[in-house]
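Asker: Protein sequence lines, in the order shown, are assigned to chains A and B.
Be aware that the first sequence starts at 2, since it is given in our numbering, and climbs by one per residue.
Be aware that the second sequence starts at 7, since it is given in our numbering, and climbs by one per residue.
In short, the hints are calculated from the structure, not lab data.
Note that this is a predicted model, so its numbers are computed, not measured.
Beta carbons: idealized from backbone N, C-alpha and C, even for Gly.
There's no promise every hint is true.
So these bits of chain B aren't anywhere near chain A, every CB distance computed over 12 angstroms [unchecked claim]: (1) 314; (2) 583; (3) 657.
Listed next, the in silico SDA-like pairs over lysine to any residue satisfying Cα-Cα at most 25 angstroms (straight line) [what the hints assert, rightly or not]: (4) A:137 - B:627; (5) A:83 - B:627; (6) A:137 - B:646; (7) B:246 - A:173; (8) B:1047 - A:172; (9) A:137 - B:588; (10) B:189 - B:253; (11) B:189 - B:646.
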Amino acid sequence: MKDTDIKRLLYTHLLCIFSIILSIFIPSLFLENFSVLETHLTWLCICSVFVTAINLILYLVVKPNTPSKRSSLSYKVTRFLKCCIYFLLSCFFFHIIFVLYGAPLIELVLETFSFAVILSTFTTVPCLCLLGPNIKAWLRVFSRNGVTSIWENSLQITTISSFLGTWFGAFPIPLDWERPWQVWPISCTLGATLGYVAGLIISPLWIYWNRKQLTYKNN
Amino acid sequence: MQKISVLLFLIWVSFLFYMGIALFTSGFLLTRVELTNHSSCQELPGPGTLPWGSQGGPRACWMASRFSRLVLVLIDALRFDFARPQHTQVPGDPPVSLPFLGRLGTLQKLLETQPHHARLYQSKADPPTTTMQRLKALTTGSLPTFVDAGNNFASYAIVEDNLIKQLAKEGRRVVFMGDDTWKDLFPGAFSQASFFPSFNVRDLHTVDNGILEHLYPTMDSGEWDVLIAHFLGVDHCGHKHGPHHPEMAKKLSQMDQVIQEIVKRLENDTLLVVIGDHGMTMNGDHGGDSELEISAALFLYSPTALFPGTPPQEPEVIPQINLVPTLALLLGLPIPFGNIGEVIAELFSEVKDSQPRSSALAQASALHLNAQQVSRFLHTYSAAAQDLHVKELHQLQNIFSKASGDYQRLLQSPQGDAAALQTVIAELRQFLQGVRAMCIESWARFSLVRMAGGAALLATACFLCLLASQWATSQGSYFYTLLLPMAWGLAGAIVCAGLLAATGLTLDLVVLGALVAVGSLLPFLWKAWAGWRSRTPLAALLPRPGPVLSLLLIRFAAFFSDSFVVAEARATPFLLGSLILLLVAQLHWEGKLLPPKLLAMPRLGSAAPAGPPRHNSSHALGLGVGLLLCIRLAGLFHRCPEETPACSSSPWLSPLASMVGGRAKNLWYGACVGSLVVLLAAVRLWLHRYGNLKSPEPSVLFVRWGLPLMVLGTAAYWALASGADEAPPRLRALVAGASVMLPRAVAGLAASGLVLLLWRPVAVLVKAVAGTPRTRTVLTPFSGPPTSQADLDYVVPQIYRHMQEEFRGRLERSRSQCPMTVAAYQLGSVYSVAVVTALTILAFPLLLLHAERVSLVFLLLFLQSFLLLHLLAAGMSVTTPGPFTVPWQAVSAWALMASQTFYSTGHQPVFPAIHWHAAFVGFPEGHGSCTWLPALLVGANTFASHLLFAVGCPLLLLWPFLCESQGSRKRRQPAGTEADSRVKPQEEEEPLMEMRLRDAPHHFNAALLQLGLKYLFVLGIQILACALAASILRRHLMVWKVFAPKFIFEAVGFIVSSVGLLLGIALVMRVDGAVSSWFKRLVLSQQR
Ligand SMILES: [Zn+2]
Ligand SMILES: [Zn+2]
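Starting from the given sequences, assemble the full structure and let the hints guide the process.
Answerer: What follows is the structure in structure tokens.
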């Protein structure tokens, strides 16, 4: 039972990584002059859309959490709308945090915001898919002994590693190497992406290695 | 007794750090005193007549000028082997083809075709081989060190006598093109100049192409006497690609082209000098003293014959600064006053004359002038500074007087033989070379042993801090563990030093201090080692690496990158913000952030944190965001380092007087005074909140009346300073007098406030206690007055509890009429009140030294530290009865905030960014000959944040106890919950707050010791990182621009911080002592 779960987790994560790789290569078939560094914003949008789409699809296909009892259309619609609002709010929240951390306030607003969008895609979207628009559940997952399934555990790991990647991505900015990727926010977005990918890879492995110690109480 | 030993131990640790810093500095930062004397044309350097009599032309000075014009081509980093001629292949040697070899074909051709006109030398540069120091040397003829004491740090302009200055004085037209370092060194000295930015070492062509654009037209125009072209391409190519890159060949070929073009345009009265200021290593770097770095090419050429003989097979090796006196005499200028170079005698021989005697006489006269000048310089220098060897100096003076006498005698006898002349020349040269050697010995040599020793001492001191901070709380009898080895070592070291001194060995004070430090460390290390070998494993004592320590490690590593040092003003707030978010996240992770209600899920797995969270800390998130906001706002007051041209400094750092708009000025003035008032009101409100404002003690009275006076004085001073120019003429004298008196008055008030605080530090309401009738007697098992410390330790909490009950009883009896009930809280905050009062009193005079608008930053500083303390307190739990600990994150956040405030108050760790105007606050006319007072004022301005945060350090320990009152009060609000019903009766009583610390004096002292050690550790690894960076990267391009100034600032900052820390801890101990005696008096009065 548990091993099959971990396998499913691994496959879904591989699909996510695959979608990110696709977002790098597919657009160059359709768009001229497309490259991750030069047309960075375009790539950010495409990557965000890809990752969101694959997350949604996986959520619908795999259904990691127990289906809710209420399944009326209106409930689903309000839930979806709520999710959208939460996503937007998290984008604004991240934007504010970036500005507090030293991002320029007025210049490069679009860049900063798209960075916030991509980080939300890596962190908020999986949360929304897995836990729904339920802040309490989110807070529970991100506290000690709060996880109740391997899905939540992997969510915890990927989110934290995305944040860590973003954080480390800020380090090359002051260096005087004069590389094109040192410009705000490219190194941070790349860091976030790498962190997300690393989290996707690490979490199944980590769960596999610690499967003896991990005991979840299913609600 | 214990308190004294805590302080002693901290002083000893600080002493270790100081000695490490001193030892490192003595090996790394070589110093020299700059003299401002100038040579003049009319005044010969010594007795004697002009050798040329009156026959010198209009351009004759000490000597008749030989060339009226000079072209100086300075090719940066032109190593000697770049210019070395490629002789025909010697059979048997393997053919060498390196990109840089044999590219300067023009030089070779000139040397071969015109052997009497051209000469190539291998010139030896003196370390530090950095461009600015070399340029200084090439114009002053001296040995510049990094800290040329006496120069004004505000600019790089050369104050010493130099060639450019002499040229300008003689009215020669000096045209310059190239590296813009010259603009800083010789502001306004050139008749025509085109400067190009030298900062970007990746750019090989901008400077060179810019020069080439101007060079030939200028030469052709003829409107110049001296033309200087400083090419940077070769140097930048070295930094970017290294010398072994094909690009270097291209660059050198381009330079060859340039020389060829120049030679074509030379006229007969013109001298061409091609010179490299230094060489480069195999990697293309420079700055140090390796053979490749110091060997540079020097090439001389003139269309008229210069040399009597043909060039030697192997070019002669000469010191680089020999060019200075040579050029001065050839151009008919006086030799710069501070020159210690020796003229290149060959150039002063008569070429056409076959008589060896007149040729030798000409050489001797040039050398004699040179020697006279050097002797005059030595005389003046040794009167101004004591860093030259007395014995050697004496010997050299003897050599000189003998040579001079011989020379005079030869001049008198016209038929003196050539052999005697040669001996005089040899003597003069011996003197000049001896002087150079002596100066190099004391000015221009890194001492790697001292640097390594200093760094090792610093590292050991850091390790000691780490270890002892763990021991301080973990071991019972730690005082003996910590103090005994120290005492033994100190005694042993002093005996050693005494023996050394008795045996007559002269010992450097720094080395002696370092020996004492090492000697006192050894027993300690031995103890640690023994402890590690036996029962207590060392690993258990060291703190486990957590996220906070890795953050510290990142900060440590950042000191090794010049980019990060330059960008530290942005990096520190980033790290601080990260630490704050980490704290908030950790709180959440531990489940302390939100009330458990919000987490609907029952906790699983291991048990939830023991007991309900002490603080209702849902406001921690708000605190975190508020802190981030404050940090960001403080970041708006940002001064740019000069290395980043794209950045623009905040206009708010300039004084209000520089503003033009009247309205905006008034608004800003209002904001500044407003921030002062808010600061004052906040402090008073805080004191009121803990009830200490009602106390009749003098220190509290000072807060109530003295602080507003200080605010008034500051505001009035600002008004005068910002509007001084607009004052009507009648009031000028009044305004001037007031702007002298007001800052002094504020400083005097602050000093008296501090004295009052130290005299009566306990801000509690004694009268209210004594005046009320007792309802219950103190439960004390002792019949007499307390005699021992143990008695007191037992009695004091009893009294405290009793007093609280009594106050509560009064509160219930007469809730309406009694405004004194808050006095019950007074004792609970007695320590932090003293510290906060001291901080506020200190802040005002420091604020006065800054520009007006920095007061907003000071307000933010207080707000920020308040928020941070609350956030930290939310994460800490008070463990009664001890041991108390201050976690690492608290100390590192505090240290980070100190350095963040350093930047947001408009400082940068470079000398030109120092706020020199601070020296004139209260002393608008200057200080006369007094130097320590302006240094103190400027230092207080620069290290204000270090001082404030270090003095405030004990708050980190005290604040969680202070927050206890809020916690318990809030907990009682929601009645009827399960948690409330479980509260035991004794928990209902008023919180003990800081009296908990008094309950366990042993733990209190240990906690203070631990706090001090941890803070010293966090600061210590910074200074260690700076020292290591400066020594490892001493070849780096930026070492004198970035790393060395950073080290100096860090070192001084460390000293200021450690002193502040000791003062802060001593203040807390003073309060503790005063509280003890207060209790004693209370007990005595009760027994009467
Ligand atoms: Zn140079
Ligand atoms: Zn260079």
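Asker: Work down the list of hints and note, for each, if the structure agrees.
Answerer: Here is what the structure says about each hint:
no.	hint	verdict
1	314	holds (52 angstroms)
2	583	violated (5 angstroms)
3	657	holds (16 angstroms)
4	A:137 - B:627	holds (16 angstroms)
5	A:83 - B:627	holds (24 angstroms)
6	A:137 - B:646	violated (44 angstroms)
7	B:246 - A:173	holds (19 angstroms)
8	B:1047 - A:172	holds (22 angstroms)
9	A:137 - B:588	holds (20 angstroms)
10	B:189 - B:253	violated (28 angstroms)
11	B:189 - B:646	holds (20 angstroms)
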